[in-house]
Amino acid sequence: MPQDQFIHLHNHSHYSLLDGLCKVKEFVSKAKEFDMPGIALTDHGNMFGAIEFYNECTAQGIKPIIGCETYMTRGGRTDRGKNRGGGMHHLILLAKNEIGFQNLMQLSSIGYLEGFYYKPRIDKEVLRKHSEGLICLTACLKGEVASLINRGQFSDARATAKEYKDIFGDDFYLELQDHGIPEEDNARKGAIEIAKELDIKLCGTNDIHYIEEKDWEAHDIMLCMQSGKDLDDPTRMRYETHDIYFKSGDQMCELFKDQPQAIESTLEIYDKINLKLDFGYKYPSFPIPESSGCKTDLEFFEKICREGLEARLKTSKIPKEYQERFDYEFGIIKDMGFASYFLITQDFIGQARLQGIPVGPGRGSAGGSLLAYCMGITNLDPLPYNLLFERFLNPERVTMPDVDIDFCMRRRGEVIDYVKEKYGEPNVAQVITYGRLAPKAVLKDVARILKISYGDADKLSKAIPVTFGKPLSIQKSMEQLPEFKEKIALNDETFNNLFEYAKTLEGLNRQTGKHAAAVVIAPDKLVKFSPLYKRNGEEDVVTQFDMKAVEGIGLLKMDFLGLKTLTVIYDTLELLKAEGIEIDIEEIPIDDEKTYQLFSDGLTVGVFQFESAGMQEYLKRLKPTRIEDLIAMNALYRPGPMDNIPSFIERKFGREEVTYPHFCLEEILKETYGIIVYQEQIMQIAAELCNFSLGKADILRRAMGKKDLGKMEKMKKEFIQGAVEKHNVPEKQINEIWELIFKFANYGFNKSHSACYSWVAYQTAYLKAHYPAHFMAAMMTSEMSTKDGVPKLIEECKKMELEVLQPNVNDSFDTFTVHENKISFGMAAVKNVGSKAINEIVRARKEFGKFKDIFDLTANIDTKICSKKALESLILGGACDSLEGTRAEKFASVEIAITYGQKIAEEKNSDQVSMFDIFAENSESSAIKPKLAFAAPYAKEVELQNEKDLIGFYVSGHPLNNFRAEIIAFSSLTLDEVDKKRWDGKEVQVCGIISKFRSLTTKRKQEKMCSLELEDFVGKIKVLVFPRPYAQCQDAIGDDLIVKVSGRIEFEDEDNYKINANKIESIVSASENASWMNCEIPTDIVSKENLLKVKELLEESPGTCKVRFKLIANDGNSYLVEPSGFGINPSQKLIAEIRQLIGEQRVWLN
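Quick note on this note's numbering: the sequence shown kicks off at 4 and runs consecutively.
Honestly, the hints are just simulated from the structure, not real lab data. Since we're looking at a predicted model, the values are computed, not measured. Certain hints may be false.
Said to hold, decoys possible - Capping the alpha-carbon separation at 20 Å, the derived lysine to aspartate or glutamate pairs in EDC-like fashion look like this:
hint, residue 1, residue 2
1, Lys132, Glu101
2, Lys1091, Glu660
3, Lys1011, Asp1042
The task is simple: from the sequences and hints, build the whole structure.
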């Protein structure tokens, strides 16, 4: 029988999360391979994959049949628990046409928004209401009709079938399946009998969950992932059949040869399907104010832009270059029909600014639009920085604009609320995301299920490299990585299975999430354009279609991003305003000497995007003097372009010749000293060298970035031809230029984005340079919830000679504040102390003055608001140190103080007034003020540990303070400076205090080893000590001991790393035995002038400690130099001075 005489109508993709194994493209390709003219998608309860499926079918010339296997409750959809009556059954629904598609979206949305109880359920009430345009099949053994038949309730099954026929008429089919499951035989017989009695047609399906028959094992593994159980767990979910794969038409016809109607019905249904989706733009209409005098959105858009241009330039006489750029952009936006888009965007950004909500100057390519600047969408003039409009909107590639907006992290939600209010809450939602099974994670998951040791799985997972955020695939890892090849060579069945299953499961959807920024605004109720979704236990409604899908169907999608730095700037300005200092951050001078000096000194902790240790080192060498230097450095400091930073710096100072790929490119590359840094430069090169339009040049840039080889090959011919015709460039040279720009297209940075973000960076640096206490207070407030960030900032304050006062009930507020240029700790940092308790303390303090003791405090606050737990935490966290007594005495007195406070409150609230109260002018409470209970003072280390437990770090001191000098001298880096780019696999020396010590034993030889956590002043790291080093240094290891650790840094993934220690010794012992000063000198970074200064400093500090130089050449080779007969005195002053010359992390003792 020809394949095209059967259509699969009951199928699950990987959007049936951790149940379906089929990727959409492979699934549709299989239908194409079998010459099937159509295929259905019926995922469990959702329509997540509908748009991807529709587009893939269309691309492969197959009719898409969009459906859903719904969960039908026999009771009401809102019934829960014992009231849910009748259980839950499956039902297949297929959209015949646009009306059916609309109703299917409605039903799927209702399932999540109204009927969710373990599954997204609907009932017959809503099914009747939304049945038009839908075809209904009775589903599998879990279908209602099949379930009733197999329970022996044949009359109920017949009545149910009749009910569905009443709803759907001739679009209702009784579904037959045969996967070799015994219960299916009984269900088929009953369905055939009911079909005859009620004149209902039969329809044969295969409940497809994977494509190839062999995939059943990988599918079984995936079911274990879903349940969290092992493969051999007898209680886990498993399928009774291995037949739920993509069978050919011949196989299906053979299965149902006794019921030919079951096969014919699939074609009948195929013929009924006539669904054409609308992918045109779907903008909400922007309400034009009557007062504007404008009749159309285009008129109003032009009016706002022209008025905005005059306001920006502060003149009605517009310079020629601005007028030409204005007219050019306006013409393109007009022709593309995007006026409403700009008006909508301008409106909510303008409203945010009106409400005092900080808005970023722009991000992404939108910074290249003059009209966006005129409207206040962006806040950086693109012309002085030569930012290109075509990078944002390309007249030769009509796509919707993409404006991403940064808002203050704290108040971003207010902007989204405004949009919901303006356009209607049902019309606005955030967007779903899908978490996928990434190579590292899927390898570990499968290994766990197969009971492969954690050590083997961990080793393989760590071996997978991550490039530009993308891990190497399992297949390529098998082909390229020694760790994988080693296991493959063993030909061990367990590892062979591991790789095969992981390879099959890689990239499948695992769970849903909510996009961090994307918001969709529809012209009508959003459910008319996308089904909706709500995760169990969450309030936020999101689209079922992901970002690519919502944009694909033409909906207006905006990214509302929360940027913590804007909140920091806002908080800094508010702290200054409280002291009568008003600053317009958008009007600060762009040439402030003090700000550039801060950059040049590398003092950029807290400065947006410029605070990493590597960046600080480069800034010291670059000595930025203009905003363009910052824009370039921001773009260069990324994997790939970083290699060009040394040349960029050397060329800036004339120490390296500036060269250009061709003389005609000098004007384009002059600002970056002949080095391609920006994507826009690639576009300009193609335009100047080859006579491409900027629009065409942007298409080339995108093709190169996406490695679209077909498009690149075609455009390369035009590129070469244009260069020859315009400049007579020799073919060899033009091929070299092509290769050069291809290389940079892969990681060149968007200049518009870099310019906008460098302006934000400059603003933060300006505030830090001029108002350091206020800026650092705001920074610490922004890090309060993270705990890890504040210690680093406290250390920075020490370097800046800023005093940070511990929390204090007599001075502190909820956040960090500034008083007499000292930073006061926020009480909200203390665990168990909520905002209501803090507000109560501040109220009482303002009303009655500063508290003298714990009893004075409880007498004036409401102890129901500020509870016993809160008071104890404030005492142990050091916030009551300004009150009489030790922490131990105050802690022991809390209950007495609360009782006293309650007695005072009762008297204040009493309705009875005594004679004494009437006649006494200054009557006092009759309650006798208690005395502090006796308690022995806590040891200092106990006080510090309490602080750490309650605040997350040490405040009034640090266990390491007595060894600060030694720690600085012996550490090759601080623990907050560990980043993968610089330290993975490197030998390091670090110091700190031990915590979380755990004694371990190896499995094979039962040898002792250990793990521990090492913490210094600013960070912490996990340390593993294997048997050999542990045997040599175990006496130095234990909780609360201060040690020096030597070892190799190893990254487990992007954010987790550890040190494999080869030596640990006490800090005291290390100090007594210091014999070498190590200096690491990269010859391409450290100047000759600085080397001479290093030599002078060493000669001026004679002693017995030897010096070892590690010289790193440009080619990466290193050379050790150990001057004989030369010794020094490694004082703290000497170490600090040399580090200033060659780098903080390049000098250490051992």
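- request: Tell me, in ascending order, the numbers of any earlier hints that this structure violates.
  value: Every hint satisfied by this model.
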